Amino acid sequence: MNFTLKIWRQRDAKSQGAFETYKVTDISADTSFLEMMDILNNNLIHEGKEPVAFDHDCREGICGMCSMHINGHAHGPSQAVTTCQMYMRKFKDGSTITIEPWRSAAFPVIRDLVVDRAAYDKILQAGGFISVRTNSVPDGNAIPIPKADADESMDAAACVGCGACAATCKNGSAMLFVAARVSSLAKLPQGKVEGARRAKAMVAKMDELGFGNCTNTGACQAQCPKSISIAHIARLNREFLAAKLKD
Amino acid sequence: MSCFLTNSSVGKKVVMSVTGCFLVLFILFHMSMNITMLFDWASYNAICRFLGANWYALAATVILAAGVAVHFLYAFILTIDNYRARGKQRYQVTVKEKGVAWSSKNMLVLGIIVILGLGLHLVHFWSKMQLVELMGGHASIVDGVAGVQATNGAAIMMITFSKWYNVVLYIVWFAALWFHLTHGVWSMFQSVGFANDTWYPRLKCLANIVSTLIFIGFAVVAVYCFMTSDALLIEEMIAAENLIH
Chain F
2 MNFTLKIWRQ RDAKSQGAFE TYKVTDISAD TSFLEMMDIL NNNLIHEGKE
52 PVAFDHDCRE GICGMCSMHI NGHAHGPSQA VTTCQMYMRK FKDGSTITIE
102 PWRSAAFPVI RDLVVDRAAY DKILQAGGFI SVRTNSVPDG NAIPIPKADA
152 DESMDAAACV GCGACAATCK NGSAMLFVAA RVSSLAKLPQ GKVEGARRAK
202 AMVAKMDELG FGNCTNTGAC QAQCPKSISI AHIARLNREF LAAKLKD
Chain D
61 MSCFLTNSSV GKKVVMSVTG CFLVLFILFH MSMNITMLFD WASYNAICRF
111 LGANWYALAA TVILAAGVAV HFLYAFILTI DNYRARGKQR YQVTVKEKGV
161 AWSSKNMLVL GIIVILGLGL HLVHFWSKMQ LVELMGGHAS IVDGVAGVQA
211 TNGAAIMMIT FSKWYNVVLY IVWFAALWFH LTHGVWSMFQ SVGFANDTWY
261 PRLKCLANIV STLIFIGFAV VAVYCFMTSD ALLIEEMIAA ENLIH
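Protein chains in written order, with my numbering: chain F, 2 to 248; chain D, 61 to 305.
These are computed hints drawn from the structure, not numbers from a lab.
This structure is a prediction, so every number in the text was calculated from the model and none was measured.
Be aware that a few hints might be false.
Said to hold, decoys possible - No more than 27 Å apart at the CA atoms, straight line, and that leaves these computed lysine-lysine pairs for DSS-like:
#1 D:K158 with F:K193
#2 F:K206 with D:K264
#3 D:K264 with F:K7
#4 F:K206 with D:K165
#5 D:K148 with F:K171
#6 D:K72 with F:K93
#7 F:K93 with D:K264
#8 D:K148 with F:K123
#9 F:K91 with D:K264
#10 F:K15 with D:K165
#11 D:K264 with F:K247
#12 F:K50 with D:K72
#13 D:K72 with F:K171
#14 F:K171 with D:K223
#15 D:K148 with F:K91
#16 D:K223 with F:K7
#17 F:K7 with D:K72
#18 D:K165 with F:K171
#19 F:K123 with D:K158
Unchecked claim - Under 8 Å between C-beta atoms, here's a sample of chain F residues computed to sit facing chain D:
#20 H47
#21 C64
#22 A107
#23 S174
#24 Q191
#25 A202
#26 V204
#27 G219
#28 R239
Stated by the list, open to error - Chain D side only, calculated, beta carbon under 7 Å to chain F, not exhaustive:
#29 L133
#30 F136
#31 L138
#32 V155
#33 W162
#34 N166
#35 A255
#36 D257
Every residue, glycine too, gets a C-beta built ideally from N, C-alpha and C.
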């Protein structure tokens with residue numbers, strides 16, 4: 002397969018970026034998107050040009066490192082997968098593929114397609130944890146948890162923190178990410194204890210870092226590689242309001 | 061004043077939700093009142109007399125105006141926040157995401173159309189009714205017809221909607237409101253946390269029912285007035301109202 006790639010190139014956070022056009026030829030349909038990028042970079046290095054910088058790590062859809070806004074979709078046109086798990090057979094032979102970095106004020110571009118997602122880490126540091134004693138592992142069945150609660154918590158915990166939600170949202174809102182973190186802990190007895198403090202601290206940090214306000218469009222859940230539901234946002238709203246009203 | 065309703069993103073959305081809910085309830089009340097017109101214009105005018113420049117109607121008007129003002133002001137505050145959060149550099153290629161309603165991404169634009177329509181509506185009706193009474197008057201000239209009493213809502217409606225362009229303008233206004241409410245009505249439940257995957261289809265169905273009901277309820281009355289309006293009927297309405305005063 003052959004493709005024309007329109008890729009955003011930007012030297013660093015301060016400099017002005019622009020689109021550059023490249024051609025890749027003879028790509029197997031079973032090449033993953035990131036492997037195709039590797040082939041492009043290999044070619045660029047051989048031509049003595051600067052390779053395209055992009056984020057990646059595990060390449061099995063669990064680390065949340067890969068990003069890329071491909072043809073208008075966060076993580077590309079495949080449903081419910083990260084960029085690394087998308088294959089070139091998903092694209093039409095000979096087509097032009099436009100690749101952009103996440104666009105959100107809270108995720109500044111570091112270089113080319115790499116953005117700084119430290120804002121999500123800062124939100125997590127504000128309250129996305131539980132304070133437990135870290136001695137010997139307790140018996141897994143010591144605290145009975147209803148199956149439905151465990152399932153809902155696990156669905157929320159599937160969030161890899163990639164930033165696709167804020168990158169997709171027309172308001173640059175991080176609500177789906179924050180909601181997933183709050184929800185995964187709020188549904189379990191260990192997390193419930195600090196629920197009120199967590200919801201308040203994480204929302205406050207999210208607002209402070211300049212993320213926008215949720216207007217319930219649902220674009221985030223449509224583009225989320227882990228298909229996280231906006232029902233978790235409703236839970237976050239509940240948790241936050243209950244905590245504030247108790248104050 | 062530092063309070064979560066003014067300084068947090070979730071709190072600000074709660075304000076939008078609560079004021080929006082209040083406005084929807086008012087619109088449902090207004091629509092029910094208008095429906096009276098289809099059956100008996102004299103009863104409609106009885107309601108208008110009840111809602112003149114007395115203390116309870118004025119108090120309700122002030123609360124209502126405050127509701128509109130807060131909803132409108134917060135819409136701008138939220139939109140400015142969101143515009144900043146989006147960043148200066150925009151995507152070159154964008155798509156319509158699956159399951160995302162057009163109205164949900166255009167609430168401000170729809171809201172602006174609604175408020176412009178509201179301005180026109182206030183000029184057409186409120187300025188001829190409650191405002192006239194507030195200024196100490198009893199009657200005014202409506203579209204060339206003299207001596208129309210401030211409590212004669214039926215005649216004012218008949219005169220206004222005898223013009224086809226007013227009917228068209230109002231229908232455009234109701235259509236914008238329909239779009240606004242198909243998103244707004246379910247969204248206000250989400251913003252206060254009353255929603256989950258089981259309830260989304262139900263809430264969205266409720267939103268469609270409420271907004272469609274409101275559209276039909278208002279549009280039917282405007283069209284009915286356009287169809288039945290004639291000079292004799294308007295004269296009869298004015299004479300009947302004069303007898304009461």
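For each hint, the structure was consulted:
1. D:K158 with F:K193: 33 Å, violated
2. F:K206 with D:K264: 31 Å, violated
3. D:K264 with F:K7: Distance ~39 Å between K264 (chain D) and K7 (chain F) Cα, so the pair is violated.
4. F:K206 with D:K165: Distance of about 25 Å is within 27 Å: holds.
5. D:K148 with F:K171: With a Cα-Cα distance of about 12 Å, the restraint between K148 (chain D) and K171 (chain F) holds, given a limit of 27 Å.
6. D:K72 with F:K93: With Cα atoms ~44 Å apart, K72 (chain D) and K93 (chain F) exceed 27 Å; violated.
7. F:K93 with D:K264: Since the Cα atoms of K93 (chain F) and K264 (chain D) sit roughly 36 Å apart, the hinted pair is violated (cutoff 27 Å).
8. D:K148 with F:K123: 22 Å, holds
9. F:K91 with D:K264: 33 Å, violated
10. F:K15 with D:K165: Cα-Cα ~31 Å, so violated.
11. D:K264 with F:K247: Judged against 27 Å, a Cα distance of about 30 Å means the pair is violated.
12. F:K50 with D:K72: Violated. K50 (chain F) to K72 (chain D) sits at ~49 Å, over the 27 Å cutoff.
13. D:K72 with F:K171: It holds: about 17 Å lies between the C-alpha atoms, which stays within 27 Å.
14. F:K171 with D:K223: 41 Å, violated
15. D:K148 with F:K91: 31 Å, violated
16. D:K223 with F:K7: 55 Å, violated
17. F:K7 with D:K72: 39 Å, violated
18. D:K165 with F:K171: Within the cut-off at roughly 8 Å; holds.
19. F:K123 with D:K158: 30 Å, violated
20. H47: This hint is violated: H47 (chain F) lies away from chain D, its Cβ roughly 28 Å from the closest one there, beyond 8 Å.
21. C64: 24 Å, violated
22. A107: 7 Å, holds
23. S174: Holds - the Cβ of S174 (chain F) comes within 8 Å of chain D, reaching about 7 Å at its closest.
24. Q191: Result: violated, 22 Å to nearest chain D Cβ.
25. A202: 12 Å, violated
26. V204: It holds, given that the least Cβ distance between V204 (chain F) and chain D is near 6 Å, below 8 Å.
27. G219: Hint holds; G219 (chain F) Cβ to chain D Cβ min 5 Å, cut 8 Å.
28. R239: Cβ of R239 (chain F) sits 3 Å from chain D, so the hint holds.
29. L133: Hint violated; L133 (chain D) Cβ to chain F Cβ min 14 Å, cut 7 Å.
30. F136: 12 Å, violated
31. L138: For L138 (chain D), the interface hint holds, since the closest Cβ of chain F sits about 5 Å away, which is under 7 Å.
32. V155: 4 Å, holds
33. W162: For W162 (chain D), the interface hint is violated, since the closest Cβ of chain F sits about 10 Å away, which is over 7 Å.
34. N166: Given a least distance of 10 Å, the restraint on N166 (chain D) is violated.
35. A255: Holds, because the Cβ-Cβ distance from A255 (chain D) to chain F comes to roughly 4 Å (cut-off 7 Å).
36. D257: The hint holds - D257 (chain D) has a Cβ within 7 Å of chain F, the shortest such distance being about 5 Å.
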